[in-house]
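**Q** Chain residues, written in single-letter form:
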Amino acid sequence: MNIENAVTVLIVDDDPTSVLILENLMKHEGYKTVSTVTGSLAIPLAKNRKPDLILLDVNLPGEHGPDICRKIKATPQISEIPILFLSADSNVGSKIECFDAGGQDYITKPFEPREVLARVNTHLRLQQTQKTLTRVLSSKINEISKAQQALLPPKPSEFPDAKFAVRYQQLTGAGGDFYDVMKIGDGVYDYITADVCGHDHSIAFVTAALKSVLIQNSVPQNTPAEILSIANKVMTSVLQSGQFVSISWVRINRVSKKALIVNAGQPPVVFLPLNGHVRTIHVSGDIVGIFENVFFEQREIDITEGDRFLLCSDGIVEVGGKKPEHRAAGIERLVTLCESHKVKNLNKFIQSLVPIIIGDDDVNDDIVILGVEI
Amino acid sequence: MLSFTEERTGKNCVLAIEGELVATTLDTIKSKVRELIGGGVSTITFDMTRSEAIDSAGIGFIAAAHNSLVKSGGSLKLTGLSKDMYDFFVCLRMHTHFTIETR
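Chain order of the listed sequences is A and B.
For the first sequence, position 80 matches number 80 in the numbering used here, and the numbering has no gaps at all.
For the second sequence, position 40 matches number 40 in the numbering used here, and the numbering has no gaps at all.
FYI, nobody ran anything at the bench for these hints, they're computed from the structure.
Computed from a predicted structure; not experimentally measured.
Among these hints, one or two may not hold up.
Covered stretches of chain B (chain A as the covering partner; in silico rule of three or more C-beta atoms under 8 Å from a C-beta of chain A) [stated by the list, open to error]:
| id | stretch |
| --- | --- |
| 1 | 46-56 |
| 2 | 60-72 |
| 3 | 84-90 |
EDC-like mimics (lysine to aspartate or glutamate), calculated; alpha carbons at most 16 Å apart, straight line [as the list claims (entries may be wrong)]:
| id | chain 1 | residue 1 | chain 2 | residue 2 |
| --- | --- | --- | --- | --- |
| 4 | A | Lys-323 | B | Glu-18 |
| 5 | A | Lys-322 | B | Glu-52 |
| 6 | A | Lys-322 | B | Asp-87 |
| 7 | A | Lys-258 | A | Asp-307 |
| 8 | B | Lys-77 | B | Glu-101 |
| 9 | B | Lys-83 | B | Glu-35 |
Note that beta-carbon positions come from the ideal geometry of N, C-alpha and C, so glycine has one too.
All chains, please: the whole structure from these sequences, using the hints.
**A** What follows is the structure, encoded as structure tokens:
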């Protein structure tokens with residue numbers, strides 16, 4: 001359709017009688033017409049009037065219909081317009097030449113008006129259907145694109161008042177570890193690190209599904225424990241047997257000066273008070289997505305300006321090995337390091353921790369370490 | 001490396017595991033558990049006395065074995081856990097889903 005929302009048909013025929021008949025036929029159908037008896041005007045008129053369909057005579061003085069058709073099909077802004085050829089020549093060679101040139105149909109003269117209308121209407125419907133499909137597809141692609149953007153982890157510069165810094169290294173590029181920071185209200189943010197068990201490329205889809213659930217349910221009226229319970233219900237039906245998700249969650253309310261901590265199988269959150277010793281905060285919680293009945297303990301602590309929290313994934317604390325004592329030693333080492341390695345700038349602090357912890361060891365797991373400052 | 005011995009008494013089976021329960025070692029024991037459940041075993045005990053390392057895939061395997069056994073009306077039990085391993089399983093609240101015992 002053109003901008004006036006009415007169908008416009010361009011008629012190009014050197015025979016004025018044919019033009020008149022076709023104009024009347026189209027007008028009776030409620031279509032607008034633009035006509036010319038000069039072949040060389042076909043393309044300028046098509047560009048200018050953007051018709052919905054072109055009826056094009058094959059044998060025009062000085063111009064050959066199939067040549068005009070080729071030029072139209074090679075012109076981007078008018079290439080999609082269906083072209084129906086009109087010709088007194090009924091031989092197969094002429095028809096094939098017109099179809100090869102990009103024509104959609106071929107009507108032989110003398111034409112039967114009802115047949116012309118039927119063919120015109122068929123091609124207009126096809127054109128309209130194609131446009132609708134393209135529009136729907138574009139709209140879906142836009143939706144997917146927007147969803148993907150929403151699922152990308154935020155950068156600290158995007159939420160300056162969230163005051164966080166992150167070090168994020170993925171083993172596969174489609175992997176299981178991720179972090180997120182979500183604004184819940186004025187002065188209230190959720191900080192999350194999570195690990196979807198496994199490292200193959202299907203994990204990316206699971207991760208996207210999980211992030212969608214978390215984003216949709218992270219509202220002030222839902223506590224982190226309640227959101228994890230909802231996520232558990234969804235993920236038990238999504239994950240394969242033996243797969244699960246571990247999640248560490250801190251909700252910081254900078255107005256009430258409270259932090260709510262939940263942990264579902266991740267290393268304990270490390271608390272770095274401005275005045276006081278660094279310590280881990282142990283809260284009990286089931287891993288997510290493998291058991292039907294789950295429980296997540298929530299611990300609330302008082303916070304003051306300058307306090308920091310550190311959330312990290314297994315990769316940080318299991319550098320020494322996969323034995324539970326290696327993990328315990330890794331957590332202890334992290335606490336000691338946080339105590340001794342006090343750096344004023346949060347980002348510099350987070351970035352400097354990882355090389356010290358990892359050292360020259362080969363990294364065989366994703367690394368996420370998220371620092372938050374009050 | 002992971003190996004295990006099997007001691008079966010009626011519908012009960014004890015699998016004594018030796019080695020690491022990690023992503024790269026799980027295939028054989030997964031098949032064994034499937035075979036046991038398919039063969040009518042309803043209670044499986046993993047004796048972990050000689051297994052001291054586990055990763056997330058190992059945890060997932062144990063939880064999935066528990067789920068399969070519960071579905072078929074049975075149960076899972078872990079015995080011979082080191083103190084550290086026991087504490088780790090408690091931290092993950094595994095003890096609320098099936099029985100775990102230290103050495």
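**Q** Quick check: do three or more residues in the stretch 46-56 of chain B have a beta carbon closer than 8 Å to a beta carbon of chain A?
**A** Three-residue rule met by the stretch 46-56 of chain B, so holds; n is 5.
**Q** Would you check the hint for Lys-322 of chain A and Glu-52 of chain B, treating anything up to 16 Å between C-alpha atoms as holding?
**A** 9 Å, holds
**Q** The stretch 84-90 of chain B covered by chain A? Criterion: 3 or more residues, Cβ-Cβ distance below 8 Å.
**A** Holds, because 4 residues of the stretch 84-90 of chain B bring their Cβ atoms closer than 8 Å to Cβ atoms of chain A.
**Q** Taking a Cβ-to-Cβ distance below 8 Å as contact, does the stretch 60-72 of chain B have at least three residues touching chain A?
**A** holds (count 6)
**Q** Taking only the CA atoms, is the gap from Lys-83 of chain B to Glu-35 of chain B under or equal to 16 Å?
**A** The hint is violated at about 31 Å.
**Q** Quick one, are Lys-77 of chain B and Glu-101 of chain B close enough, alpha carbons at most 16 Å?
**A** With a Cα-Cα distance of about 8 Å, the restraint between Lys-77 of chain B and Glu-101 of chain B holds, given a limit of 16 Å.
**Q** For the pair supplied as a hint, Lys-258 of chain A and Asp-307 of chain A, is the alpha-carbon distance within the 16 Å limit?
**A** 11 Å, holds
**Q** Sort out whether Glu-18 of chain B lies within 16 Å of Lys-323 of chain A, counting only the CA atoms.
**A** 14 Å, holds
**Q** Just to be careful, I want the Cα atoms of Lys-322 of chain A and Asp-87 of chain B compared with a cutoff of 16 Å; is the pair within it?
**A** 14 Å, holds
In terms of the numbered hints stated before, the structure departs from hint 9 and from no other.
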